[in-house]
Structures are given as structure tokens and as C-alpha cells.
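**Student:** Since the structure of chain A is provided, determine the placement of chain B on it from the hints.
There are 2 protein chains.
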Amino acid sequence: MNLQCPLPKLDFDIITLGHGSGGLLMHELLNKTVLDIFKNDLLDQQHDGASFSLPGPLAFSTDSYVVSPISFPGGNIGDLAVNGTVNDLAMCGAQAKYLSLAFILEEGLKVDEFWDVLVSIKNAALKSGVQIVTGDTKVVERGKGDKIFINTSGIGQVHPSARIHHRYIEPGDAIILSGKLAAHGITIMSLREGLQFETDIETDSVNLNHTVNILLDGFGEGIKFLRDPTRGGLASTLNEISGAAKMGIDIDQNLLPLDEQVEGACEMLGLDPLYVANEGLFIAIVKKDIKDEVLQLLHTDPNGAHAAIIGYITDEHPGKVILKSRIGGKRVVSYLPGEQLPRIC
Amino acid sequence: MNLQCPLPKLDFDIITLGHGSGGLLMHELLNKTVLDIFKNDLLDQQHDGASFSLPGPLAFSTDSYVVSPISFPGGNIGDLAVNGTVNDLAMCGAQAKYLSLAFILEEGLKVDEFWDVLVSIKNAALKSGVQIVTGDTKVVERGKGDKIFINTSGIGQVHPSARIHHRYIEPGDAIILSGKLAAHGITIMSLREGLQFETDIETDSVNLNHTVNILLDGFGEGIKFLRDPTRGGLASTLNEISGAAKMGIDIDQNLLPLDEQVEGACEMLGLDPLYVANEGLFIAIVKKDIKDEVLQLLHTDPNGAHAAIIGYITDEHPGKVILKSRIGGKRVVSYLPGEQLPRIC
Numbered sequence: 001m002n003l004q005c006p007l008p009k010l011d012f013d014i015i016t017l018g019h020g021s022g023g024l025l026m027h028e029l030l031n032k033t034v035l036d037i038f039k040n041d042l043l044d045q046q047h048d049g050a051s052f053s054l055p056g057p058l059a060f061s062t063d064s065y066v067v068s069p070i071s072f073p074g075g076n077i078g079d080l081a082v083n084g085t086v087n088d089l090a091m092c093g094a095q096a097k098y099l100s101l102a103f104i105l106e107e108g109l110k111v112d113e114f115w116d117v118l119v120s121i122k123n124a125a126l127k128s129g130v131q132i133v134t135g136d137t138k139v140v141e142r143g144k145g146d147k148i149f150i151n152t153s154g155i156g157q158v159h160p161s162a163r164i165h166h167r168y169i170e171p172g173d174a175i176i177l178s179g180k181l182a183a184h185g186i187t188i189m190s191l192r193e194g195l196q197f198e199t200d201i202e203t204d205s206v207n208l209n210h211t212v213n214i215l216l217d218g219f220g221e222g223i224k225f226l227r228d229p230t231r232g233g234l235a236s237t238l239n240e241i242s243g244a245a246k247m248g249i250d251i252d253q254n255l256l257p258l259d260e261q262v263e264g265a266c267e268m269l270g271l272d273p274l275y276v277a278n279e280g281l282f283i284a285i286v287k288k289d290i291k292d293e294v295l296q297l298l299h300t301d302p303n304g305a306h307a308a309i310i311g312y313i314t315d316e317h318p319g320k321v322i323l324k325s326r327i328g329g330k331r332v333v334s335y336l337p338g339e340q341l342p343r344i345c
Numbered sequence: 001m002n003l004q005c006p007l008p009k010l011d012f013d014i015i016t017l018g019h020g021s022g023g024l025l026m027h028e029l030l031n032k033t034v035l036d037i038f039k040n041d042l043l044d045q046q047h048d049g050a051s052f053s054l055p056g057p058l059a060f061s062t063d064s065y066v067v068s069p070i071s072f073p074g075g076n077i078g079d080l081a082v083n084g085t086v087n088d089l090a091m092c093g094a095q096a097k098y099l100s101l102a103f104i105l106e107e108g109l110k111v112d113e114f115w116d117v118l119v120s121i122k123n124a125a126l127k128s129g130v131q132i133v134t135g136d137t138k139v140v141e142r143g144k145g146d147k148i149f150i151n152t153s154g155i156g157q158v159h160p161s162a163r164i165h166h167r168y169i170e171p172g173d174a175i176i177l178s179g180k181l182a183a184h185g186i187t188i189m190s191l192r193e194g195l196q197f198e199t200d201i202e203t204d205s206v207n208l209n210h211t212v213n214i215l216l217d218g219f220g221e222g223i224k225f226l227r228d229p230t231r232g233g234l235a236s237t238l239n240e241i242s243g244a245a246k247m248g249i250d251i252d253q254n255l256l257p258l259d260e261q262v263e264g265a266c267e268m269l270g271l272d273p274l275y276v277a278n279e280g281l282f283i284a285i286v287k288k289d290i291k292d293e294v295l296q297l298l299h300t301d302p303n304g305a306h307a308a309i310i311g312y313i314t315d316e317h318p319g320k321v322i323l324k325s326r327i328g329g330k331r332v333v334s335y336l337p338g339e340q341l342p343r344i345c
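Taken in sequence, the protein lines are chains A and B.
So for the first sequence, the working numbering puts the first residue at 1; every next one is plus one.
So for the second sequence, the working numbering puts the first residue at 1; every next one is plus one.
Same shape as in the complex, but just chain A (with noise of 0.2 Å):
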């Protein structure tokens, strides 16, 4: 269920380089904007930053959003950066609990569009149950930027069971993906491209912390590495985890979720799902003796209803993921080679 916001009275409707400025304008723009519909003890103290009390272990992730076109089918660019920086915490064992928010509008932005953004950070921040705490404001010219980039930096608190590193990976751990492959990517490429399917494909971006922390209780230590495969796809994470593990992966191309309809876009497109972003899916190595009760208890979530044992670690071939294609031939997968797609995210 989503919180509805109207849009409140303000005396201008497009951003001006003043709203940046450090004086009155930015000071009205923000009280009724982003200070009144994140309101919280934190953001109340309206000092340089906010200060608090977290008991340890901690993890601080930061990433920046500049995906184009700001708003796509299933979401936009605010519940984009926050679900975006939830999900880098969830992957270090960690659950969400402050964000800061940096804007870089450009001049000429329409308040609307930049109010539709702050209402989806709410609903996401509201879901993923995270305060936004602190934040900035910058506006550049017109043609410096491009509408709205978003940086958010999150700190989590590190479930007390949970043992993430490569170097816990062994040979024999099952690779399990989250969920159906390469929905976000598909989303934005086909609204750039502007490429009409006759289909529902929207973007997979949600907060995975609730899942991550589910199978953290569940597991603790079982639960080997996590990483969810953005920017790159899936092929260039399992790069990243087999050369920083010094292991090799295996992968089997028929136990790979993926929608039909997503399938049928990428064969459209020309584009390899392996290599297509996804916001909503992650990957977990984990103990190979675990692995069908890790399975069966994702199932019954929402975030983990599609998920499957996709292949396997092996100390052949360190440094290296194959693939095992649909007809049985094996083929070296390897990191995404130039850009498929700027801006995904």
C-alpha cells in the first residue's frame, strides 16, 4: 500500500539555480518538501548531519542514480536509490537503517516531477523501514545535468549471524539466484528505445532486506556470500565473486529463471540476459547441504518465489565462470566487455 501525497503549495513550479543557493529559496523549497514528508527525529535536528546511537557491527554503502528516463514502468529514479542502497547493505548481512539523500537537480526541473520522485523514496523507505536522516540539495544549470541524480548512503546494522566474505566460498557451495533475470535492464532499454511490447515487463526493483535477513536466521554462517547482480548483469558478479573467491563457477543456462516475455524482449533487442541489470534479485552461495532448505524457505517469499540452484562452485577452472548452454555445450562467460547500456540506474 502506497502513501499519497499531494503536491503541497508552493510559489514556484519548476526549479530554479536559487533553490541551490544555501538561502531563503532552497530554505522554502526544502521545509516543504523533502523536511516535511521525511519528517523524523533525525532530520528534526536540521543540523550538518544527524547524530545517533547504533550498536555494531556496522555496514556503510553509497551509490549514486543517474538512470534515464527518470520515471519507467514499475518505478522511478527515488524508489530506484533507495531500494538500490538497501539492497547493497542487505549483501554485507546488513538491515537498513539510516539513509542520507544528496540531490543534483537541474535548473528547469518541474517541482511535480521532483515531488513524484520524493513521494516514491518515501513508500520505498516506508517498505524497507530505513529513515532518511541527512541530506543536500545542489541544482546546476540547465544542460549540466540531466533532471535529477540521486545519491543515497545508507548505514545497517550486520545480522549477528552472518559470516559474508569470499573467503568463506568452497568448492561445492550451490549458487542460488533470487529471482527471474534481466526485468530492469528490459524495462529501460525497451522505454528508451522506444519500443512498444505488448507486455507487462516492468522494472524488479525492490527491497530484498527483509529476505536477506530471513535467511540470515534461518542459516547464519550457511549463508556464504551474497551480491546482487546490477549494473553488468549477472555474468559480470559471478566474474567479480569467482576472481575475488580464486574459484571457479559453474553455471547450467536451463536452471536460469527467466520470464518469457523478458526473453522474447532480449531476443528482440539483440541483448544477452546475462548481461542485462537487475534491482530486485540477488545472488547467495551457500553450503551445499543447505541448499534445498534454503530454496524452500525463499519460495515462500515474495522476493525469493522464483528462485533456483543455478550452478555450483568448483576449483576447476579458478577464476572462471562457464556456462553449460541449453544444448549441452560449455562456454566461458565473461565480464560485460564495452557498455550494453548507459544510465541503467
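The reader is advised that the hints may include incorrect statements.
Identical chains blur together in the list; that is why a pair holds if it fits in one copy or across any two.
As the list claims (entries may be wrong) - Cross-link-like lysine-lysine pairs, in silico, PhoX-like; alpha carbons within 25 Å at most: (1) K32 <-> K246; (2) K246 <-> K39; (3) K39 <-> K122; (4) K330 <-> K246; (5) K320 <-> K32; (6) K97 <-> K330; (7) K291 <-> K246; (8) K324 <-> K246; (9) K32 <-> K287.
Hint data in this document are derived by calculation from the structure and do not stem from the laboratory.
All of these numbers come straight from a predicted model, not from anything done at the bench.
**Tutor:** Leaving out everything else, chain B in the frame of chain A:
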């Protein structure tokens, strides 16, 4: 003493969209530049975030930096981005400990310009004693950004004796300004206008955390409020304080520390130094009976050599800042009304 770092050997000399892809090019760029120059145990985790234990209370702050041009007398966007966030934390009474570092690069940026910024970040981080522990790099198309935008967010440990909040501010408290006004804004402004002053004016950007720490060690809760007058200048910051504390502020123009060259430049450019941005100054509101001791201690610190008591808190005219001019007249000093100079930080 600044660290000198030669540009590493790379196969490219400009940033392309592929450097933000999440794939091979991005890994090559990051491994040879960011991850190498900032090398430390937390950053080396190369996870989606950094994990650590840090006893509280903590402070958390964020700022994006969009200054144009990115390089100016006395510094560049890199040291500005480190000092700015270190100082925001210092204003919360906290010693910055960990910073995140997120870049939005414009396609076509020269790698050697990027490298100069990284070296400045490294040197500023060393001086303030802060570590870069997590980061992000995005690339936007030519004409959708402006060379480099940086977000730094920071976590710091609040000084055990710090009791910094506007609710502690009382009539009679002294207002101390730690140094000379307006140097940063005038540096950027004169550079942008192509003015050649025959002067040595340069940015005052510096880390203030060590100076603040000395004050808190010495005077604890006698230091009631701290704030750095950046965008919007001294006038806007005093208005913020006056509004939050619901107190009046009286300042005396004769007491404002102002460099002659900066004052001359302000006159030439038609600017009021009260509204010009500073990057190495802070306002301290202190208990009246310790004001002279605080000033004495500040004068022993290079960042406080020109510190002065510029006025007092009063219960008359709550929410208003009143300036006694050089010739004895009084006038209300308001927030910066529009925008004086965009992209100053």
C-alpha cells in the same frame, strides 16, 4: 606535505560510457586508480559496502559537490569534497572516521584530470585522518553532466563531551567566527568571471576536525553550537541558527575578520562578504564566561589564528540577525534572497 602520485599507466586517456558499465572497463579503471590510491583493509573488501565496528554516539552526513570549475587556486573539487563532509561532521562535534566516495563522471573527461582529483582526495583524507571505505562510479553522456560531480558521505564519532544543539543556546552567549570571511566564494567567482586580481586570494578549504576537537577537549559543553557558513554565507547561517534557537543575534561589522584583498575583490564584484561562501570557517556559539579562553585557544591553532568574537545571542528580536554597521547604524541581515553564485561547492 602532499603525497605525489604519478598517473598510473592506462590503456585510455578519456573516460567513456563503458567506464560506468559495471563490466570489464569499469573494473580496469577502478582497480588501477581508485582502489589502488585509497587502498585500505575496508575498501579492499570490495563488497557492496564496508563493514566495521565503531562505538557511538555517531554522526552521519552527506554532501554532493558540483563546483565549477573543478580546479581553482588552493584546491580542487576533490579536497573540497573531503573537507566539506569532514567539516559537516565536525560541526556535529564528531571526528570523521569513514567516508564514502561516489563519482558522476561526464563522458569525455580526461583521465589525468580525474587523477588530479583523486590525488587531492587522498591528500585531504590523510590530513583529516579519514579513510575512504566504499564508493561508486557512474558515467553520463557528454552534455548530461559537467566533468565531475562528487558525493561524499561520512560517519564520525561524536566527542564524548560534545553537547551541541541549538536548544542550549542562551542570551549572552558569544558568537565566535574562526577566521577571515569570503575567501572561497571570491576565489571561484573571480576565476569564473575571468578576473585577474593581483592578489594571492585562494580557497580557504581546509579540514576543521582537529581544531574542533581541541575546543571540545578544552571546553566540552561550553561549546553550545557549531556550524560552518558555506553556501549562503555567514548571513544565511546566522539566520538558520537564529531561527532554530528562536533567539536574536547581534553582530558588529567592525569585528568581522576580513582580508583586505578579499574585501577589495568583493567591492569590485559588487558582493557583500556576508553572503559569500566559505569552506574553512566555522561559527562557534560559546558560554559567555569562557569566550576569551576559547578565543585564546583558537589563536594557537593555524585554522583559528584570525578568530574573533563577532557578536552575541540576545533574547531581543528572536529569529532576527541585526548588524551594527561600521558607522554605528543598525540593519536586519536576512537570508541570501536569491542566488549569488551557483555551483560554488
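**Student:** Decide, hint by hint, whether the structure agrees.
**Tutor:** Tested hints:
1. In this assembly of identical chains, K32 and K246 lie within 25 Å of each other by CA distance solely across copies; the values are 19 Å between and 52 Å within a copy.
2. In the homo-oligomer, the alpha carbons of K246 and K39 lie at most 25 Å apart only across protomers (20 Å), although the nearest pairing inside one protomer, at 46 Å, exceeds that limit.
3. In this assembly of identical chains, the alpha carbons of K39 and K122 lie at most 25 Å apart only when taken from the same copy (10 Å versus 36 Å across copies).
4. In the homo-oligomer, the alpha carbons of K330 and K246 lie at most 25 Å apart inside one protomer (20 Å), although the nearest pairing across protomers, at 72 Å, exceeds that limit.
5. Taking the shortest alpha-carbon separations for K320 and K32, only the inter-copy value of 21 Å comes in at or below 25 Å, while the best intra-copy value is 53 Å.
6. Taking the shortest Cα distances, K97 and K330 never come within 25 Å of each other, neither inside one copy (43 Å) nor across copies (47 Å).
7. Taking the closest pair of Cα atoms, K291 and K246 come within 25 Å of each other only inside a single copy of the chain (22 Å); across copies the shortest separation is 60 Å, beyond that limit.
8. In this assembly of identical chains, the alpha carbons of K324 and K246 lie at most 25 Å apart only when taken from the same copy (20 Å versus 69 Å across copies).
9. Proximity of K32 to K287 under the C-alpha cut-off of 25 Å is found in neither arrangement, the shortest distances being 51 Å within a copy and 33 Å between copies.
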